[in-house]
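Top to bottom, those sequences are chains A and X. Quick note: the first sequence uses numbering that gives the first Met the number 0, first residue 0, plus one each step. Quick note: the second sequence uses numbering that gives the first Met the number 0, first residue 0, plus one each step.
Hint data in this document are derived by calculation from the structure and do not stem from the laboratory. Any given hint could be a false lead.
Since copy identity is lost for identical chains, a pair holds within one copy or between any two.
[Stated by the list, open to error] List time: in silico SDA-like cross-link candidates among lysine to any residue, alpha-carbon distance up to 25 Å:
(1) Lys40 / Glu63
(2) Lys143 / Leu8
(3) Lys40 / Ala52
(4) Lys40 / Ser142
Number of protein chains: 2
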Amino acid sequence: MTEMVFRQLDVSTAEVDEIEARYEPLAAAVRELVAATILSKAGAEVVSDVLAAVRAATARLQAEVDSDHAGVNYNATGRSWNWGNAGSGQRNAVAPPIELVTNPDGSTYADLVLGAAYEGPPGCVHGGVSALLLDHLMGVTASKMSRPTFTGTLTLRYRNPLPLGPVRVEGRVTREEGRKVFVEATITGSSGLALEADGVFITPTWSPSLEATQN
Amino acid sequence: MTEMVFRQLDVSTAEVDEIEARYEPLAAAVRELVAATILSKAGAEVVSDVLAAVRAATARLQAEVDSDHAGVNYNATGRSWNWGNAGSGQRNAVAPPIELVTNPDGSTYADLVLGAAYEGPPGCVHGGVSALLLDHLMGVTASKMSRPTFTGTLTLRYRNPLPLGPVRVEGRVTREEGRKVFVEATITGSSGLALEADGVFITPTWSPSLEATQN
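Put together the whole structure using the sequences plus the hints.
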């Protein structure tokens, strides 16, 4: 069995907020760099200079890296942070720029804009990126922000191509049976409905391992 | 209907290869920067310096950007390039570092290593990243490298958590019915089988729009 460790760290909420605010602009800038690396027509000399600058910048950050993944952390007041999450991590430039909103009835949505880094078919969002968005949104919807859930089964029906640009993702819980939470979701874009999805999410029987550390 | 334009460009294969070789090391370096942005404990001064360096590097690349997405391109000899593809683009630092192998019987696989940028549950690959890998591999498997296909339906069964680290993705066509291609795939990791997937991929009735341009 793969062990998942949710770490309790002795870091104040003010400090967590400060670190998040320190790194969010950098993650946004790295996202722009990702897109420019795809799109630029710059020649060998410019690319060589940029490569050296990126490596130097990375080395400065790496000098203060002491782990190979960010994990999911929380502090004594219940503030949690999950900065590396590929679906939503505030410090992860791979993650689509998503901010979920929960409606009073528990349904959820997010409006976001997807650019060059998320392309699949020409001018359209990659089907796997749509799957990443849906898995993330549906998992959060199932969790109701109050319990861990894991994806059990996810069925995605691709109805129409999803153009790059503005995108809306919406989800809602349709029913629960024991530890199973059933969730439906859609993605719509500038051409209308693109995907419909059904998912079964599982609330685990085990408690996550909680590891208290002093740093 | 969303228009998809596959562009024929007047660029020699040697030049395409040269551009790809120029940018691939940069995309690899940007991937390292993405991970370092997640993991670093560097303080405000270092992060501020790195932010300025990243923005300056990005500006140099952006000075020679004239489009908002990379598209899918090919030349008169049939060399195609799809550098921005979120599942596999050689210049896209969002894309997992995947190189597919096709077996003589048409089945496919890829071995790759997934690090901090692809995390979901602590120490494990994000379920949506697994979906991205599967959608990409299954689409390529369905296309047999000789025809366009689009994802119709994708069903993912998450069997066990997938630890970060070495991962194998495998796919094969199980049958075809008219324009439908049925594909099965799995992901295994260091703890064994993590996901099973079934997909229906569609070969379109329309020909892609082919647009010949002179640059």
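Here's how the hints hold up against the structure:
no. : hint           : result
1   : Lys40 / Glu63  : between (33 Å within a copy, 5 Å between copies)
2   : Lys143 / Leu8  : within (24 Å within a copy, 49 Å between copies)
3   : Lys40 / Ala52  : both (18 Å within a copy, 20 Å between copies)
4   : Lys40 / Ser142 : neither (44 Å within a copy, 30 Å between copies)
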